[in-house]
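K.L.:
This is what each chain is made of:
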Amino acid sequence: MADATTTENKPAAPAVEKITVSIDGQVVAVPKTTADPLTGKQIPTTMIQACALAKVDVPHYCYHPKLPVAGNCRMCLVEFGTPAMGPDRKPVMNPDGTPKIAKSPRPAIACATPISPGMEIYTATPAVKQMREGVLEFLLINHPLDCPICDQAGECKLQEYSVDYGKSESRFVEPKVHKPKRVDLGPRIVLDDERCIRFTKDVAGDDALGIVNRGSYNTITAFPGKQFDNNYTLNTVDICPVGALTSKDFRFKMRVWFLKETKSVCTSCATGCNTIVGSREDVMYRYEPRENDAVNSTWMCDYGRLNYKWINRPDRLAEVQKNKAKTAWPTAVKEISELLNKAQQGSVAIIASARQTNEELFLLKKLATKLGAVSDSIPRTGESDKLLLSADRNPNSNGSRLTGISGGKMGEQISMIVSDIVPSETTKLAHYLLPGCAHVEKRGTFTNGKGRVQKFMKALEPRGDARPEWEFLHELVFHVTGQDGYATIEGLFNLMAKEVPAFNGLTWAGLGDTGVTVPI
Amino acid sequence: MPSEFRLILKHADQPGYTPDIECYLRNGGYEALKKALAIQPKDLPDGKKMSAPEQIRDDVKTSGLRGRGGAGFSCGLKWSFVDRRSGKPIYLICNADESEPGTFKDRQIIHKDPHQLIEGMIISCFANDVHLAYIYIRGEMPDGAKLLNKALKEARAKNFLGKNILGSGYDLEIHVHRGAGAYICGEETGLIESLEGKRAYPRIKPPFFPAVLGLYMCPTIVNNVETLCNVKHVVAMGPAEFAKLGTPNNTGTRIVSLSGRVKKPGYFEIEVGKVTIGQLINDPNFGGGLRDGRKLKAVIPGGSSAKVFKAGEKFKLKRKVDGKDTEVEVDMLDLPYDFDSLIAAGSMSGSSAIIVMDDSVDIVEALANISEFYAHESCGQCTPCREGSLWMSKALHRMAHGEGRATDADYLVKIADNIPGGRTICAFGEACSWPVQSFVAKFKDEFVAKGKADEERRAKQAAAPKSATPAERSEMASAH
Chain P
1 MADATTTENK
11 PAAPAVEKIT
21 VSIDGQVVAV
31 PKTTADPLTG
41 KQIPTTMIQA
51 CALAKVDVPH
61 YCYHPKLPVA
71 GNCRMCLVEF
81 GTPAMGPDRK
91 PVMNPDGTPK
101 IAKSPRPAIA
111 CATPISPGME
121 IYTATPAVKQ
131 MREGVLEFLL
141 INHPLDCPIC
151 DQAGECKLQE
161 YSVDYGKSES
171 RFVEPKVHKP
181 KRVDLGPRIV
191 LDDERCIRFT
201 KDVAGDDALG
211 IVNRGSYNTI
221 TAFPGKQFDN
231 NYTLNTVDIC
241 PVGALTSKDF
251 RFKMRVWFLK
261 ETKSVCTSCA
271 TGCNTIVGSR
281 EDVMYRYEPR
291 ENDAVNSTWM
301 CDYGRLNYKW
311 INRPDRLAEV
321 QKNKAKTAWP
331 TAVKEISELL
341 NKAQQGSVAI
351 IASARQTNEE
361 LFLLKKLATK
371 LGAVSDSIPR
381 TGESDKLLLS
391 ADRNPNSNGS
401 RLTGISGGKM
411 GEQISMIVSD
421 IVPSETTKLA
431 HYLLPGCAHV
441 EKRGTFTNGK
451 GRVQKFMKAL
461 EPRGDARPEW
471 EFLHELVFHV
481 TGQDGYATIE
491 GLFNLMAKEV
501 PAFNGLTWAG
511 LGDTGVTVPI
Chain W
521 MPSEFRLILK
531 HADQPGYTPD
541 IECYLRNGGY
551 EALKKALAIQ
561 PKDLPDGKKM
571 SAPEQIRDDV
581 KTSGLRGRGG
591 AGFSCGLKWS
601 FVDRRSGKPI
611 YLICNADESE
621 PGTFKDRQII
631 HKDPHQLIEG
641 MIISCFANDV
651 HLAYIYIRGE
661 MPDGAKLLNK
671 ALKEARAKNF
681 LGKNILGSGY
691 DLEIHVHRGA
701 GAYICGEETG
711 LIESLEGKRA
721 YPRIKPPFFP
731 AVLGLYMCPT
741 IVNNVETLCN
751 VKHVVAMGPA
761 EFAKLGTPNN
771 TGTRIVSLSG
781 RVKKPGYFEI
791 EVGKVTIGQL
801 INDPNFGGGL
811 RDGRKLKAVI
821 PGGSSAKVFK
831 AGEKFKLKRK
841 VDGKDTEVEV
851 DMLDLPYDFD
861 SLIAAGSMSG
871 SSAIIVMDDS
881 VDIVEALANI
891 SEFYAHESCG
901 QCTPCREGSL
911 WMSKALHRMA
921 HGEGRATDAD
931 YLVKIADNIP
941 GGRTICAFGE
951 ACSWPVQSFV
961 AKFKDEFVAK
971 GKADEERRAK
981 QAAAPKSATP
991 AERSEMASAH
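Protein chains in written order, with the numbering used here: chain P, 1 to 520; chain W, 521 to 1000.
Source of the hints: derived by calculation from the structure; they are not laboratory data. Keep in mind it's a predicted model, so treat the numbers as computed, not measured. Ideal Cβ placement from N, Cα and C applies to all residues, glycine included. Keep in mind that a hint or two might mislead.
[Stated by the list, open to error] Derived pair list, reagent style DSS-like, types lysine-lysine, alpha-carbon separation capped at 25 Å:
no., chain 1, residue 1, chain 2, residue 2
1, W, K934, P, K167
2, W, K608, P, K41
3, P, K226, W, K718
4, P, K201, W, K718
5, W, K725, P, K129
6, P, K41, W, K725
7, W, K725, P, K32
8, W, K725, P, K201
9, P, K179, W, K718
10, W, K725, P, K18
[As the list claims (entries may be wrong)] Computed from the model, here is a short list of chain W residues facing chain P with C-beta under 7 Å:
no., residue
11, K581
12, M737
13, E892
14, A895
15, S898
16, G900
17, Q901
18, C902
19, T903
20, P904
21, L910
22, K914
23, G942
24, R943
[To be verified] For each label pair, taking beta carbons as the anchor points, the in silico distance ranges come out as:
no., chain 1, residue 1, chain 2, residue 2, range
25, P, K386, W, H896, 37 to 45 Å
26, W, A973, P, H178, 27 to 35 Å
27, W, K569, P, D57, 19 to 27 Å
28, W, G941, P, D57, 20 to 28 Å
29, W, G922, P, A124, 39 to 47 Å
30, P, V92, W, L597, 23 to 31 Å
31, P, K41, W, D540, 44 to 52 Å
32, P, A52, W, H896, 33 to 41 Å
33, P, D57, W, M737, 27 to 35 Å
34, W, D533, P, T39, 50 to 58 Å
35, W, R839, P, A29, 46 to 54 Å
36, P, D229, W, H896, 32 to 40 Å
37, W, A973, P, V92, 54 to 62 Å
38, W, D882, P, T39, 52 to 60 Å
Bound-form chain P, shown alone:
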């Protein structure tokens, strides 16, 4: 976690001893040990980690920083040398006083080979290039070369490395091994690299995938009669470096290079997995997890990932209504403000939602205070699992608690002002209906189950007349309390950070991409 914005409120980890290695002539000091992605135990730093720290790219397929090392793709082979030792067990020196390096006669896989002091790693020699070309050629001989119709195209490591190490012509003249491509593994996954097997076994804890047959006929499959169906199957699609595993939900819907990528946060539970929203022309196509070691590592659950279809619903609320007739924002805001200003102290109740953002809840709390209103937010619960899915299915329960909106008790209601994004039984009863935005249509922050304040960005335009809730709430607060908030989300957040004790010291800019944890 090099990014300062991801700093946890924990004592700093004990300093790890650094050792010096040379990578293509660049001398770098790297930690001798690194935390194991699964156990957290300190294990020797490997060549590929050292190269990553030195910003030297080592191509790889099977290696994944968050999974146990497999070492089977052989794409990361590098040459290396270590300081030569004399018979007296002392380093041998060159005439110029530098240590003499004994170059290893055999290459090593960078993903599994630990570094040692004085080691020299060579990633760009002709031999290394030749080995990469060899591996790539082997990988492609039985490949169907169906890139034009493959769902992985555009985010495929075979394609990427082919640019660097591929040949324009194949010398393979034998018949290819045809492996079934559309193998149905489970409700969400269709069908050879083994990242998926390691993920499923070691991260998701469901030893569901395996390999049948031998040699070039190896095929990944689930147990006979058993479906690959846990709540994390779609992560295997993310980590599959090639198009062997594709998502039934997403495949063949959109070429990935047309997708706009926007940083966001999942709203399906209190975990707040960091996401990337893939959208094109105001249609959302998919969620992908975004790395945040403090929250979700690089994973997300299928439940959250597939919970986006409501955003594209055609019946999304798109007009401001008064008694079921269309009206305009200035009229509605003015009338509601008057209504609220006339209301007696204690006669107003505010039903918030822990799906609203910190900023919106903060503004609602201002209204509630001024009006002496009771307020609460609606809890939503489900079953949790051991990995990411939280029993609290609201993304911002802590936000509603910290801003002080939840905890009141509701009485009977008379006049209803409703803001929502999809029609419901409640919206039918509204006197004033204010169309709001899905999180992907606005900016804001959530506070997850562990108190991490995380911001999300806007990917799509709001539907019709819909506006981000914080915008019109800010106007209402101005009209009701006379207090001017800020017309920008940055200003609003910074104001909230000053006024809400739990958020003191935070700034919108300081949240970065991965958020900051506050005491809860």
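Assemble chain W onto chain P, guided by the hints.
P.N.:
Frame of chain P; chain W shown alone:
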């Protein structure tokens, strides 16, 4: 006249010798174990004591015993790598997955003298503080597994196994585990994975060196059947006597499996390096020569993965002549059959299996046969071997079926060159590519000639007036 020297197989083929424990005991069985267990701690000059296990380990090292499985690595050195300070149990596994084509030596021991293996294992376990050991036997040897289980039962009944063996206070249990029939299970880390109940995918080294992180992530020793039998004889004879057998640095005896185009194929136990390849093939005590009227063409000296020798090939070897290091030219047939000479000649004695080919053998077909085996047995874990082994096999199959090209010789070598030399997880990469590299290098003219002939024949057919046969028509249809 060179002759066999039977140490391991001393009794195996004697008339009336049976694999049961009574017969073994009548022939001096388990005496070496008693001797090992009776060894007293020795005082060292520095005042420290050397325990009995340490003394046996030291003896195995000084005996010069080298592994009989294929790599020829010093057994004593292998034992010295074992992590004895981890606090974890140490396991010993007997590798009885004898599957290298051409090799049939371990099965002689297992079938004819199983107690010798068990005694060797008990001594080796005692020497390494092992209390649980396994015999991993290949799936295709069900009778061997039965015999071993019976022998283990007999040994248990006589307290050579179990708790407090012969009153020594030492406990040991040995289990037989049958493989399911895969060559890769003979690779020691693949074997360990298989023993753990998983797919026999060899492990990456580092970090999974068996001596540190082996079976169940504990320090583990994996030794070949014949090697473990030799340990018994090191203890019985004493390391100095044992080292007198064979030649310097190539001590003891080896059981050679001789197969192919010789009059008298079979297994022969020799003192290592005391007999030449030529003698093994031609001497009446061994192979008895080629069939009448045939000429020698090629010899694979160490199991099908070893690099082939061509008849008449000469090698420059370093020899001591009158106390001086001199280079001597040696004909292939005059190579002493040992570890070091064959390595110096660019091949290896491997699993000591000699495959003889005479001039009736089509070298392309022979290689196609070998390659098909390796393509079938590649586990498929890592890329170069998974894809390369099948690619070579397909190309050779094509050549063997009249579809060769003159360029195929180079084509094959280019594929093979991308597989070995540390590019793969285990030595299977070498095993599948060395035959191709060496066959093509040494018999290139035959590969080129065959490819050329095929090309000419196809050109002639193409030029001939078109009267496509039904088979050709369907082939053309499927091609479009």
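K.L.:
For every hint, state whether the structure bears it out.
P.N.:
Status of the hints after comparison with the structure:
no., hint, verdict
1, W:K934 <-> P:K167, "holds (14 Å)"
2, W:K608 <-> P:K41, "holds (19 Å)"
3, P:K226 <-> W:K718, "holds (19 Å)"
4, P:K201 <-> W:K718, "holds (13 Å)"
5, W:K725 <-> P:K129, "holds (23 Å)"
6, P:K41 <-> W:K725, "holds (20 Å)"
7, W:K725 <-> P:K32, "holds (19 Å)"
8, W:K725 <-> P:K201, "holds (22 Å)"
9, P:K179 <-> W:K718, "holds (23 Å)"
10, W:K725 <-> P:K18, "holds (24 Å)"
11, K581, "violated (20 Å)"
12, M737, "violated (13 Å)"
13, E892, "violated (11 Å)"
14, A895, "holds (6 Å)"
15, S898, "holds (4 Å)"
16, G900, "holds (4 Å)"
17, Q901, "holds (5 Å)"
18, C902, "holds (4 Å)"
19, T903, "holds (5 Å)"
20, P904, "holds (6 Å)"
21, L910, "holds (4 Å)"
22, K914, "holds (4 Å)"
23, G942, "holds (3 Å)"
24, R943, "holds (6 Å)"
25, P:K386 <-> W:H896: 37 to 45 Å, "holds (42 Å)"
26, W:A973 <-> P:H178: 27 to 35 Å, "holds (31 Å)"
27, W:K569 <-> P:D57: 19 to 27 Å, "violated (56 Å)"
28, W:G941 <-> P:D57: 20 to 28 Å, "holds (24 Å)"
29, W:G922 <-> P:A124: 39 to 47 Å, "holds (44 Å)"
30, P:V92 <-> W:L597: 23 to 31 Å, "holds (24 Å)"
31, P:K41 <-> W:D540: 44 to 52 Å, "holds (51 Å)"
32, P:A52 <-> W:H896: 33 to 41 Å, "holds (39 Å)"
33, P:D57 <-> W:M737: 27 to 35 Å, "holds (33 Å)"
34, W:D533 <-> P:T39: 50 to 58 Å, "holds (55 Å)"
35, W:R839 <-> P:A29: 46 to 54 Å, "holds (51 Å)"
36, P:D229 <-> W:H896: 32 to 40 Å, "holds (34 Å)"
37, W:A973 <-> P:V92: 54 to 62 Å, "holds (56 Å)"
38, W:D882 <-> P:T39: 52 to 60 Å, "holds (56 Å)"
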